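Participant: Sequence:
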Amino acid sequence: MARFHLHLLSDSTGETLEMIAKAALAQFDDTEVLRHFWPMVRSQQHLDRIMGEIASNPGLVFFTLVNEDTRSRLEEKCQLLGLPAIAVLDGVTDALEALLGQEAKGRPGRQHKLDDAYFARVDAIQFTIAHDDGIAWEDWEEADIILAGVSRTSKTPTSIYLANRGFKVANIPIVPESPPPGLLFGLKRPMVVGLTTAPERLIQVRRNRLLSLSQSPDTDYVQQEKVESEVKYARRMFADNSWPVIDVTRRSIEETAAAVINLFNERKASGRQGQIGPKPI
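Numbered by numbering that gives the first Met the number 0, the letters in the sequence shown go through residues 0 to 280 in order.
No lab work stands behind these hints, which were simulated from the structure alone. As the structure is a computational prediction, the values presented were derived from the model and not from experiment. Check each hint, because a few of them may be wrong.
[As the list claims (entries may be wrong)] List of simulated lysine-lysine pairs, DSBU-like, C-alpha gap at most 30 Å:
{"id": "1", "residue 1": "Lys104", "residue 2": "Lys187"}
{"id": "2", "residue 1": "Lys76", "residue 2": "Lys187"}
{"id": "3", "residue 1": "Lys104", "residue 2": "Lys21"}
{"id": "4", "residue 1": "Lys225", "residue 2": "Lys267"}
{"id": "5", "residue 1": "Lys187", "residue 2": "Lys231"}
[Unchecked claim] Distance windows between CB atoms, simulated:
{"id": "6", "residue 1": "Glu176", "residue 2": "Val244", "range": "19 to 25 Å"}
{"id": "7", "residue 1": "Gln203", "residue 2": "Leu99", "range": "47 to 53 Å"}
{"id": "8", "residue 1": "Ser241", "residue 2": "Glu96", "range": "44 to 50 Å"}
{"id": "9", "residue 1": "Phe118", "residue 2": "Gly81", "range": "44 to 50 Å"}
{"id": "10", "residue 1": "Val91", "residue 2": "Thr218", "range": "50 to 56 Å"}
Where a beta carbon is used, it is the ideal one built from N, C-alpha and C, also for glycine.
Can you make the complete structure from the sequences, with help from the hints?
Facilitator: So, in structure tokens, the structure goes:
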């Protein structure tokens, strides 16, 4: 197994750098990466302290530094140590400068500024947390997206992920013994999306959940016939109300959220609003 040190230097929070590194590393198997994360590097003094650590643990250096003096010093020191230093955003920035005919501003962390979009995202997160698992259904008309599905179909984590992207999301469990409020079937503003999964996979997830809670895994909650009936009930509800459906069986939270966003954008572009009409089961 290949083993190496990876140093990530950023003059801001480093979130962008971490995501780029993670995406690139996902393309390689049998690697052990020792990550060294250095955020908020905004002075040469700070950089000099970090270089001592890099010299002690030589490896690959990724950076997003906009200050020319700081990045030049980093590149020079890495060259002296014989280490590769890659400015991961330079290609994108150069292409934009050529296209737009202007130079990049070179301001660290500019994507994190406290603008209207930032506060809208905070508002979305607060709304989503307050409307988890069917809570405060009276406010659903204020949502952008509503996720519906049987228990353990990743509704809550997907909702939180979407909220971080700026969407107000509510979610509700579909339970045959306790039908959702009638309001769900007459909403105009939000897009309702059904989440489903293979019964076999659902049983496995539910068993693991019960075991993590030290509860008996022998209940109706994981009984094959009962679970299949639940999934069938939910699918019928989705079909009767013409709600788009996403199968999360083999999807990560990020992939499910991307599919939801794609549906939302298509709906927005088409100018559609509202549901086909109340058809509760």
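Participant: Look at each hint and say if it fits the structure.
Facilitator: Evaluated hints:
Taking the CA atoms of Lys104 and Lys187, the gap is near 42 Å; set against the 30 Å cutoff, the hint is violated. Distance restraint check for Lys76 and Lys187: the Cα-Cα separation of roughly 59 Å exceeds the 30 Å cut-off, and the hinted pair is therefore not satisfied. Between the alpha carbons of Lys104 and Lys21 the distance comes to roughly 26 Å, so the proposed pair stays at or under 30 Å and holds. Taking the CA atoms of Lys225 and Lys267, the gap is about 37 Å. The hint is violated against a cut of 30 Å.
A C-alpha spacing of about 26 Å is found between Lys187 and Lys231, which places the hinted pair at or below 30 Å, so the restraint holds. Distance hint check: the CB atoms of Glu176 and Val244 are about 22 Å apart, consistent with the given range 19 to 25 Å. Remark: the range hint 47 to 53 Å for Gln203 to Leu99 is upheld by a beta-carbon distance near 50 Å. The beta-carbon spacing between Ser241 and Glu96, approximately 46 Å, falls within the hinted interval of 44 to 50 Å.
Phe118 and Gly81 have their C-beta atoms about 46 Å apart, which keeps the hinted 44 to 50 Å range intact. A C-beta distance of roughly 52 Å is found between Val91 and Thr218, which places it inside the suggested range of 50 to 56 Å.
In summary, the structure is inconsistent with hints 1, 2 and 4 from the numbered list given earlier, while agreeing with the others.
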